[in-house]
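Letter by letter, the chains look like this.
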Amino acid sequence: EPEVTQTPSHQVTQMGQEVILRCVPISNHLYFYWYRQILGQKVEFLVSFYNNEISEKSEIFDDQFSVERPDGSNFTLKIRSTKLEDSAMYFCASSPGLAGGKEETQYFGPGTRLLVL
Amino acid sequence: GQNIDQPTEMTATEGAIVQINCTYQTSGFNGLFWYQQHAGEAPTFLSYNVLDGLEEKGRFSSFLSRSKGYSYLLLKELQMKDSASYLCALNTGFQKLVFGTGTRLLVSP
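Taken in sequence, the protein lines are chains F and U. Take 1 as the starting number for the first sequence in the working numbering and just add one per residue. Take 1 as the starting number for the second sequence in the working numbering and just add one per residue.
One or more hints might be untrue.
[Said to hold, decoys possible] Subject to a maximum C-alpha distance of 20 Å in a straight line, what follows is the list of computed EDC-like cross-link-like pairs (lysine to aspartate or glutamate): (1) F:102 with U:56; (2) F:78 with F:44; (3) F:102 with U:55; (4) F:102 with U:52; (5) F:57 with F:1; (6) F:42 with U:41; (7) F:42 with U:5; (8) U:57 with F:1; (9) F:83 with F:53; (10) F:83 with F:62; (11) F:78 with F:53; (12) F:57 with F:44; (13) F:42 with U:52; (14) U:57 with F:103; (15) F:57 with F:68; (16) F:78 with F:68; (17) F:78 with F:18; (18) F:102 with F:85.
Honestly, the hints are just simulated from the structure, not real lab data.
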């Protein structure tokens with residue numbers, strides 16, 4: 001069964017450094033998402049992406065964050081200058097489309113655990 | 001905005017039935033998802049309710065009442081591997097899911 005994959009599984013970085021988290025969505029899906037989950041807290045929406053542009057973003061997704069689909073398979077989240085509070089699990093997700101019903105189901109990757117020191 | 005409430009933790013015995021409730025307040029939404037999340041892992045899809053009523057899928061069923069702002073997930077014939085967090089999430093229709101804090105279910109022998 002097709003799955004969303006993410007690399008790396010763990011990333012440790014120093015405050016102020018740039019990080020890029022990578023995702024390969026399910027191949028025939030059209031919508032891509034990033035969520036984060038701070039340890040012990042709920043899953044929070046960051047951004048959605050469709051047709052090579054951002055379609056929705058949350059207040060968390062400020063100018064320090066950016067997303068890109070550099071080729072036909074990868075979807076990346078970049079944090080330009082990491083802060084301590086960026087430490088979290090970052091999940092990528094994809095969905096087939098927005099035709100309604102099961103087409104809207106989002107499938108999550110295994111996550112990248114980011115630790116900012 | 002949206003507000004979602006779920007019990008923090010529930011316990012049950014192997015073989016039993018458990019119902020996990022989710023109440024919400026929102027101005028509008030497309031549907032309501034239930035996801036399972038084992039510690040340190042990704043949420044995995046369980047069910048999606050768009051219309052009022054019960055959706056059954058094996059040992060798992062989910063119910064939605066839009067007029068009451070209420071949903072539940074019913075797990076039958078509980079197994080030890082069902083110990084996990086169960087996340088209720090509103091599909092707001094703007095390509096984003098809004099999650100509740102989740103209910104941690106502990107299944108004991």
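Hint by hint, here is what the structure shows:
For the given pair, residue 102 of chain F sits about 15 Å from residue 56 of chain U by alpha-carbon distance, which is consistent with the 20 Å threshold. Only pairs whose Cα atoms come within 20 Å are accepted, and residue 78 of chain F paired with residue 44 of chain F is accepted, the gap being roughly 17 Å. The hinted pair formed by residue 102 of chain F and residue 55 of chain U meets the criterion: a straight-line CA distance of about 13 Å does not exceed 20 Å. The hinted pair formed by residue 102 of chain F and residue 52 of chain U meets the criterion: a straight-line CA distance of about 16 Å does not exceed 20 Å.
A threshold of 20 Å between alpha carbons decides the hint, and for residue 57 of chain F with residue 1 of chain F the separation of about 29 Å lies outside it, so the pair is violated. For the hint pairing residue 42 of chain F with residue 41 of chain U, the CA-to-CA distance comes to about 13 Å; that is within 20 Å, so the pair holds. Between residue 42 of chain F and residue 5 of chain U the alpha-carbon distance is near 12 Å, which keeps this suggested pair within the 20 Å criterion. Restraint check for residue 57 of chain U and residue 1 of chain F: the C-alpha separation of about 18 Å stays at or below 20 Å, so the hint holds.
Restraint check: the Cα-Cα separation between residue 83 of chain F and residue 53 of chain F comes to about 25 Å, which exceeds 20 Å; the hinted pair is violated. Distance hint between residue 83 of chain F and residue 62 of chain F is fulfilled; the C-alpha atoms sit about 13 Å from each other, no more than 20 Å. Our distance criterion of 20 Å between C-alpha atoms is met by residue 78 of chain F and residue 53 of chain F, whose separation comes to about 15 Å. As the CA atoms of residue 57 of chain F and residue 44 of chain F are separated by approximately 11 Å, the hinted pair is consistent with the 20 Å bound.
Pair hint residue 42 of chain F plus residue 52 of chain U does not hold up; C-alpha atoms about 26 Å apart against a cutoff of 20 Å. A distance of roughly 18 Å separates the Cα atoms of residue 57 of chain U and residue 103 of chain F; the hinted pair therefore holds under the 20 Å criterion. In summary, the hint linking residue 57 of chain F to residue 68 of chain F is supported, as the alpha carbons are separated by about 14 Å, within the 20 Å threshold. Proximity of residue 78 of chain F to residue 68 of chain F is assessed by CA-CA distance (about 8 Å); at most 20 Å being required, the pair is judged to hold.
Restraint check: the Cα-Cα separation between residue 78 of chain F and residue 18 of chain F comes to about 7 Å, which is no more than 20 Å; the hinted pair holds. Of the supplied pair hints, the one linking residue 102 of chain F and residue 85 of chain F is violated, its CA atoms being roughly 34 Å apart against a limit of 20 Å.
Violation of the numbered hints given earlier is confined to hints 5, 9, 13 and 18; the remaining hints are satisfied by the structure.
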